Amino acid sequence: MKADLQLYDYWPYRDRPRIVWPGGARLAFWVAPNIEFYELDPPTNPSRKPWPRPYPDIGGYSIRDYGNRVGHERQMRLLARYGIRGSVSLSAALCEHHPEIIEACAELDWEFFSHGIYNTRYTYGLSEEQEREMILDAMDTIEKHTGQRPAGYLAPALSHSERTMDLFAEAGGIYTCDLFHDDQPTPVRVRGGQRFISIPYSLEMNDTIAYVVNRMEPRAYGEMLRDNFDRLYAEGETSGTVMCIPTHNYQVSCPHRLRAFEQALEYITGHDGVWVATGREIANYFLEHYHDAALEDIRRKREAAHGI
Amino acid sequence: MAFNKEPLNKEPLDTEFLRYPHRRRGMDHSRYQWSQLHERAPVKWPDGKRLALWVNICVQFFPLNQRGKPFPAPGGMTMPYPDLRHFSLRDYGNRVGIFRLLDACDRFRVKPSFAVNAAVCARAPALIHALRERDCEFVAHGWDMDSLHHGGLAREQEAELIERSLDSLRDATGATVRGWLSPARNESPRTPDLLAGQGVEWFADWVNDDMPYRFHTEGGDLWAMPLSNELEDRFILMQNLHSVESWKQQVCDAGDFLLAEAEASGGGRILSLNLHPWLMGQPHRIARLEAALGHITAKPGVWPALPGEILACCGS
Numbered sequence: 033m034k035a036d037l038q039l040y041d042y043w044p045y046r047d048r049p050r051i052v053w054p055g056g057a058r059l060a061f062w063v064a065p066n067i068e069f070y071e072l073d074p075p076t077n078p079s080r081k082p083w084p085r086p087y088p089d090i091g092g093y094s095i096r097d098y099g100n101r102v103g104h105e106r107q108m109r110l111l112a113r114y115g116i117r118g119s120v121s122l123s124a125a126l127c128e129h130h131p132e133i134i135e136a137c138a139e140l141d142w143e144f145f146s147h148g149i150y151n152t153r154y155t156y157g158l159s160e161e162q163e164r165e166m167i168l169d170a171m172d173t174i175e176k177h178t179g180q181r182p183a184g185y186l187a188p189a190l191s192h193s194e195r196t197m198d199l200f201a202e203a204g205g206i207y208t209c210d211l212f213h214d215d216q217p218t219p220v221r222v223r224g225g226q227r228f229i230s231i232p233y234s235l236e237m238n239d240t241i242a243y244v245v246n247r248m249e250p251r252a253y254g255e256m257l258r259d260n261f262d263r264l265y266a267e268g269e270t271s272g273t274v275m276c277i278p279t280h281n282y283q284v285s286c287p288h289r290l291r292a293f294e295q296a297l298e299y300i301t302g303h304d305g306v307w308v309a310t311g312r313e314i315a316n317y318f319l320e321h322y323h324d325a326a327l328e329d330i331r332r333k334r335e336a337a338h339g340i
Numbered sequence: 011m012a013f014n015k016e017p018l019n020k021e022p023l024d025t026e027f028l029r030y031p032h033r034r035r036g037m038d039h040s041r042y043q044w045s046q047l048h049e050r051a052p053v054k055w056p057d058g059k060r061l062a063l064w065v066n067i068c069v070q071f072f073p074l075n076q077r078g079k080p081f082p083a084p085g086g087m088t089m090p091y092p093d094l095r096h097f098s099l100r101d102y103g104n105r106v107g108i109f110r111l112l113d114a115c116d117r118f119r120v121k122p123s124f125a126v127n128a129a130v131c132a133r134a135p136a137l138i139h140a141l142r143e144r145d146c147e148f149v150a151h152g153w154d155m156d157s158l159h160h161g162g163l164a165r166e167q168e169a170e171l172i173e174r175s176l177d178s179l180r181d182a183t184g185a186t187v188r189g190w191l192s193p194a195r196n197e198s199p200r201t202p203d204l205l206a207g208q209g210v211e212w213f214a215d216w217v218n219d220d221m222p223y224r225f226h227t228e229g230g231d232l233w234a235m236p237l238s239n240e241l242e243d244r245f246i247l248m249q250n251l252h253s254v255e256s257w258k259q260q261v262c263d264a265g266d267f268l269l270a271e272a273e274a275s276g277g278g279r280i281l282s283l284n285l286h287p288w289l290m291g292q293p294h295r296i297a298r299l300e301a302a303l304g305h306i307t308a309k310p311g312v313w314p315a316l317p318g319e320i321l322a323c324c325g326s
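Those protein sequence lines, which keep their order, are chains A and B. Going by our numbering, the first sequence opens with residue 33, and the numbers climb by one from there. Going by our numbering, the second sequence opens with residue 11, and the numbers climb by one from there.
Worth double-checking, as some hints may not be accurate.
What the hints assert, rightly or not - No farther apart than 20 Å at their CA atoms in a straight line, the calculated lysine to any residue pairs in the SDA-like style are these:
#1 Lys59(B) / Asp266(B)
#2 Lys79(B) / Lys20(B)
#3 Lys176(A) / His32(B)
#4 Lys81(A) / Tyr30(B)
#5 Lys81(A) / Lys20(B)
#6 Lys176(A) / Lys59(B)
#7 Lys20(B) / Thr76(A)
#8 Lys20(B) / Lys176(A)
#9 Lys20(B) / Met33(A)
#10 Lys309(B) / Phe118(B)
#11 Lys81(A) / Gly161(B)
#12 Lys81(A) / Pro22(B)
#13 Lys20(B) / Glu161(A)
#14 Lys20(B) / Arg164(A)
Unchecked claim - Derived CB-CB ranges, DEER-like:
#15 Arg77(B) / Thr76(A): 16 to 26 Å
#16 His213(A) / Pro22(B): 43 to 53 Å
#17 Gly304(B) / Glu194(A): 34 to 44 Å
To be clear, the hints were calculated from the coordinates, so they are not data collected in a lab. Model, not experiment: these values are computed from the prediction. Don't be surprised by glycine CBs; every beta carbon is placed ideally from N, CA and C.
Chain B on its own, in the form it takes in the complex (with noise of 0.2 Å):
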């Protein structure tokens, strides 16, 4: 944005930006149908369970040598090369934070899902292994956080990004993998035709709603899974600076609003957090995790569940 400079236009202005090419019904784009959610049948969960607990946890690894296209991913290098201050307290979440946060998932019987970097399994394959010993579900979250998903890639140049990601997660944990998260939750444009194509089912990229919706590719629908970045650790933390007890607070608060929005409504609703093992899985913080959780399960009608359990009550 420019301050205090002449504004750059020479008036007038293109004569495009007074046309309105997708001023109609709907959306501007055909990715997806427009509908409130209060509108939508009711979707329901088992045994008249009211909110779906979402709990996903990120494995990223942070390249020292990050290239930051088309931008550094949020949590990536900001200091000269080399930044070990960063790469190396990124490191500490695979390594310390992660075995915190499991464990207060274990203490509170939440199952999460593992949304990984494919570049993590050849370098900490003993986490994989770890993690595979869990009933969870993997997640592919592209290759490495400087692997970013944008237009300025080639279309097979993302093709292979996407098939490279999910092969070796694959192989890795021997699991099929149906979601995806894009690193920084960036997408070219094409990104959603090409998951489509390889196998993947939902992605959780867009945070334009509280529940899931089908969402129109190339390939045939994926499902729009609802992973709030707003309520998310990193967003709460490290971009706003809050306390960790204001984060415990406002996920309570959610968590709260979303029941009684959930039995109002007559169906059900999810609370999805996303959190990163190098943020909630310092010392300092994990208290205010485990009280979270702890306030959120303790409630009648929690289901804590993966991705995969909610999609198959959703429907197709």
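Only chain A is shown next, with the shape it has when bound in the complex (with noise of 0.2 Å):
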């Protein structure tokens, strides 16, 4: 084990490169659904039980079951009503488990990033060989089913390796979700050297965090995210920022709960200067505009503080 994985250096929030989004916005507004299978019976993985309650967890199977038969599609109309288009973080095998929540999503021109193949399946103990045929056997998987090959990964369950970023970025990648470092993109080194980014994702929006960690009053949630909200947008005059809401249609889209979500993306939405955006879409545009002016930025202050 390493006290620090090396995928980042320490840059600090002051005095960065100006970003300005599209339109000379000041806040990149993205959501991302987890859309996810989990097995009733996974094989147990040595480092972390897939269920808490001994076979069969009904109560944890059946409520994510219930995100897919019920809850997707009413997050999904909801997002329509507020013009957003989803990112969704995937599992793979959902595309042959329940390909017609794909369809749905393709058709409203949805955004799909790779999720692992299940959210059963963790990443703990895979070999470099057997992790790097994960990741890209999710990637076909997308692709085959969606026509998109994913730009961006969240892990399995955020379960991750030493090299997971190496070998997604190495598979075609260019942005992850599994770093909570920041609130703007920034570089991710990576061992090949490829043009590899951190987006904000945010643990603190994601409405599993906060219902089952936090166990938060669902109003409660709609206020904090209107919170974070008004914080970012103030400071994205200073230098555009990133805002993400990651949500699970088994959490956020149970009757008692949506509510306080609509109200939040009501607020969001009625902004001007917010740019709804999607995952790649936003990496794509740091990447374009600031990815390099950001690693010149880090490379100058570096060396400022070491006296070179």
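Both chains are given apart, each in its own frame, so use the hints to dock them into the complex.
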């Protein structure tokens, strides 16, 4: 184990090269619905149990199935009402289990990025060969069913190895959602030297973190989303920021939670200067316009700090 | 989950981990058909009603000598024996709290179903008698809250547990008893098969839908009834530690949303409230239940219904 994987350098938030998003926008806003498949009876990874209760954990399994059977269509309809195209964090096997969901998203021109094969298959313990096989399998499956080669990666169940970023970049990916170190896109160092970045995805705004880990009341979650937006929107005048709401159809689409979510979407998209985008669009825009300047600024500040 | 530990696996992982035997269209098991709610034909309630309001009241017994196999039920004993604080607070629900719930239901003309641990029949026959007097539906809720259904039970053991629970409840209530709710909503891999063999027609353990659907078993199909876990008082108040005011807000938001969805779909939806008298029956909470029931039942198109009445509209 290492103290730090050295994926990125320290880069203070102040005095960075100014980002301006398309149309002069100051905040790039994206919503990332996780569309996942959890297996009822997966092989048990020695590092992490798939379910808290003994087999069959019907509570955990069935509420996640609720997300696909009931919740997905609700969220899709809601996002459409506010002109938001989802960026789907996709368990690739869902293309095979529930192709109707994928087709419905594709019709609305949503983006698909990779979230592994199943959310019950973790990266822990995979050899480099095995992890590469899993990453490519997921990308190939998603491309076969959607016509889109995934540009982004959120490792399944946020399970990583030391090599995850390297392997995804080698497979042709351009952005990761796995790092939570910043409110703006940042370059990520990979062993192959590819131009590869992190874009803010946010654990704090993630509905599952809010509802399951932090046990928030739905209305408080909605207020948190608006508060988070207000601050990033204000700061975006200095240099463009990114706000993501990562969602799960089995959390945010429950009947007692949708209203709070809708109030936040209505509020955020009601502002001028908000670029409603997808993950790939944000990544591409940053790579094209700001990536090299960011690298140069990071280098310059590091050298200045060391008195070079 | 292991934190700050070297992964336990020695690389590479067994090849089993990269094989996916159920990666195919539909589910990864054969218990029910995959389908999305919005694609199904609308289900209609009587008289053009839009939202069925199903209130289920749990009547439970938490033994003091809890074994906790395979885990202590939520709401179970947490202190060293004898955990009198939790034992007696749960009993409070059957002695005091439930009568507040009944009054609230009567006030808003809601007929609740009662999911009864069979052990309560012998412990509180006067309560069973009082419930029998009402126009209601009894639902089997296993033996007690420390007799969980789980894979560690032999098939015969579990079959006997189900039979004993159903027989006791049927004897004490004189009711047919067609519905089932597993204690702690836990099942063994065989529970649905065993239920179907003993005259059960529906169960409410799975939370993957907002409408009833057909669930396949060795003994023929059951109906899986939607009884929300995420909206129940125990989940919101005890597990999430939300305020009771927030519980009321969440129930009202859910009711408003489902009613609107029902109208848009041209069919019906169900708002199901699972209540525990030992929680919601407390003097400081009961007004929020009344407020929630008042909000929902004041809406046109709301139909307070028992699960059997709901299923009678669902075909076969």
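Going down the list of hints, with the structure as the test:
{"no.": "1", "hint": "Lys59(B) / Asp266(B)", "verdict": "holds, 14 Å"}
{"no.": "2", "hint": "Lys79(B) / Lys20(B)", "verdict": "violated, 32 Å"}
{"no.": "3", "hint": "Lys176(A) / His32(B)", "verdict": "holds, 19 Å"}
{"no.": "4", "hint": "Lys81(A) / Tyr30(B)", "verdict": "holds, 17 Å"}
{"no.": "5", "hint": "Lys81(A) / Lys20(B)", "verdict": "holds, 16 Å"}
{"no.": "6", "hint": "Lys176(A) / Lys59(B)", "verdict": "violated, 45 Å"}
{"no.": "7", "hint": "Lys20(B) / Thr76(A)", "verdict": "holds, 14 Å"}
{"no.": "8", "hint": "Lys20(B) / Lys176(A)", "verdict": "violated, 33 Å"}
{"no.": "9", "hint": "Lys20(B) / Met33(A)", "verdict": "holds, 14 Å"}
{"no.": "10", "hint": "Lys309(B) / Phe118(B)", "verdict": "holds, 12 Å"}
{"no.": "11", "hint": "Lys81(A) / Gly161(B)", "verdict": "holds, 17 Å"}
{"no.": "12", "hint": "Lys81(A) / Pro22(B)", "verdict": "holds, 18 Å"}
{"no.": "13", "hint": "Lys20(B) / Glu161(A)", "verdict": "holds, 14 Å"}
{"no.": "14", "hint": "Lys20(B) / Arg164(A)", "verdict": "holds, 17 Å"}
{"no.": "15", "hint": "Arg77(B) / Thr76(A): 16 to 26 Å", "verdict": "holds, 25 Å"}
{"no.": "16", "hint": "His213(A) / Pro22(B): 43 to 53 Å", "verdict": "violated, 30 Å"}
{"no.": "17", "hint": "Gly304(B) / Glu194(A): 34 to 44 Å", "verdict": "violated, 58 Å"}
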